[in-house]
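A.B. asks: In case you want the letters, here they are:
2 protein chains.
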Amino acid sequence: MTEHIVTSYDDELKALAIMITRMGGHAEKVLTDATQALNRHDEELAMRTINADEEIDRLEHEIEELAILMIAKRQPMAADLREVIAAIKISSDLERIGDLAKNIAKRAVAIQSETGAVKAALGIDRMSRIASRQLKDVLDSYTQRDVDKAMDVWHRDSELDAMYTSIFRELLTYMMEDTRNITFSTHLLFAAKNIERIGDHATNIAETIYYLSTGAPLREARPKKDASSFTPADYPQTDD
Amino acid sequence: MTEHIVTSYDDELKALAIMITRMGGHAEKVLTDATQALNRHDEELAMRTINADEEIDRLEHEIEELAILMIAKRQPMAADLREVIAAIKISSDLERIGDLAKNIAKRAVAIQSETGAVKAALGIDRMSRIASRQLKDVLDSYTQRDVDKAMDVWHRDSELDAMYTSIFRELLTYMMEDTRNITFSTHLLFAAKNIERIGDHATNIAETIYYLSTGAPLREARPKKDASSFTPADYPQTDD
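Residue numbers (the UniProt record's numbering), protein chains in the order written: chain S, 1 to 240; chain P, 1 to 240.
One chain only, chain S, in its complex shape:
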C-alpha cells in the first residue's frame, strides 16, 4: 500500500468524523429548539425545528454511504474497521435523537394554545438541558477519543431517568386534579419520555465509543436496568 493511499484513507476517516460531529451539532440544536418551542409555545420555531430534522436524515444517509464505500474500497481491518462501524452506529443513534426531538416540536404545535401547560413544561426544560449536556459530552468524548468521559455520560444516565420518574408523577397529578389538564399532560408525558429516550441514545453512543477504543463490547449491565420493573402502577417503566 502506498503512502498516498494511506493518507487518503485517513482523509476519509477524518471526513467521517467531521460528518458525525456536524450531525451531532444538528441533533443538539433540534433538541434545544424543540424544547424552547414547547416552553414558549413558539409555533414558528416548532415548524423550523420540524424541517431542520431533514438535514440530520440526509447526513445519516451520507455517512452510511461513505462508510459502506470505505469498507468495500479500503477493506479496513481491526481499529480502522471499528472506526467505520462506529460511525454507522453513532449516526443511527443521532438520527433517532433527531426524530425524537422533532416529535417534541410537533407536540409544541399541538398544545400551542394551552397556557396551563407552562408550569409542567418547566420540568421538561430541565430534563432537556441535562440531555443536551449528555449529548454534548458524549460527542466531545468521541472527538477526543476519551473513554473515561464516555463512561461518565454512561453512568449519569440514571439522573435523567430519575427526572423522568418525577415528571411522570407530577403530570399524573395534574391530570387527576383537573380533566382539562389531561390532553396537554399526555403530550408532555410523551415529550418527557422522548427526552429520556434521547438520554438512552447518548448512552448507546458512549457504549460505541467504549467499543471503538477497546475493541470489546461493554458487557456491564446498564446502571438503570430494571430499576422500575416492580414499581407501583403510577411509576413509569424504562424501555431497556
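For the record, the hints were derived by calculation from the structure and aren't laboratory data. Hints should not be assumed to be uniformly reliable.
[Stated by the list, open to error] Taking lysine-lysine pairs in the BS3-like style, the calculated list, with each CA pair at most 25 Å apart, reads:
no.	chain 1	residue 1	chain 2	residue 2
1	S	Lys-136	S	Lys-73
2	S	Lys-14	S	Lys-136
3	P	Lys-193	S	Lys-193
4	S	Lys-73	P	Lys-193
5	S	Lys-29	S	Lys-136
6	P	Lys-29	P	Lys-193
Assemble chain P onto chain S, guided by the hints.
C.D. replies: For chain P alone, kept in the frame of chain S given last:
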C-alpha cells in the same frame, strides 16, 4: 479465491440469516406474550417475557460480532457486503422491537390489579396482532428475498398508525370520564405507542430488504410522514 473459501463464506452468510430468523422469531414471541400478559393480567407470563428479552440481546451481539468478523476476514464486495450490513441493521431493529415489547410486559405487571383496563386493552390486542403480522411478513420477505412483500409491509404501516390514533383518543376519553382511569390509561397509552413504534421498526426492516435487493436506499417518503403534524391537541404525534 479457492472453492473452499467461497463455500465457507456462503456458510457464514447462511449462519447470519439463520440467526436473524431466530432473533425475529423471539421478537414475535415476546410481542405476543407481552400483549397476552397485559390482557390477562398474567404476572407470571409478564415476568417470563421480561426475561426472554435477554436472548434477543444476546443474539444481537452474536450477529454483530459475526458480521464484523466476516467483513474483516472476507472483505466482501457489493451484494455480499450488503448482506452483512443488512444483517447488522435488521438485528438492531429486532433488538429495539424486543425492548419495546419487554416494556409492554413491564406495564402488564404495573397495572396488574386494575380491572377497568380490560376493555381498553382489547384495542391494544388488535394492534398487537397487526404488528405481529407485519413482523412475520417482513421476516418472511427477508428469508425469501421478496422485495414486493417487503414493500407491502412498508405500505401497510399506515393501518397501525390509524389504529394508534383511534386508541389514543379512546384512552383520552376514559381518562376524562373518571380520574381513576388515568393511571392505567397512561400505561396503555405507552403500550399502544410501543406497538406503533414496533410497526415502524418492521418498516425499517422492509427498507433494509429493499436496499439489500436493489443496492439503493428507498428514497420515497414514508406513507404516514407528517400525517399528524398539524392536528388538534387530542391527536397523537408520529415519531418520524
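A.B. asks: For the pair we were handed, S/Lys-29 and S/Lys-136, check the Cα-Cα distance against 25 Å.
C.D. replies: holds, 10 Å
A.B. asks: Below or equal to 25 Å on CA atoms is what counts here, so check S/Lys-136 against S/Lys-73.
C.D. replies: violated, 32 Å
A.B. asks: Taking only the CA atoms, is the gap from P/Lys-29 to P/Lys-193 under or equal to 25 Å?
C.D. replies: holds, 19 Å
A.B. asks: Take the C-alpha atoms of S/Lys-14 and S/Lys-136, compute the straight-line distance between them, and say whether it is at most 25 Å.
C.D. replies: holds, 19 Å
A.B. asks: Does P/Lys-193 sit within 25 Å of S/Lys-73, going by the straight-line distance between their CA atoms?
C.D. replies: Violated, at roughly 41 Å.
A.B. asks: For P/Lys-193 and S/Lys-193, compute the direct alpha-carbon distance and say whether it is at most 25 Å.
C.D. replies: Since the Cα atoms of P/Lys-193 and S/Lys-193 sit roughly 11 Å apart, the hinted pair holds (cutoff 25 Å).
When the structure is compared with the earlier hints, violations turn up for hints 1 and 4 and for no others.
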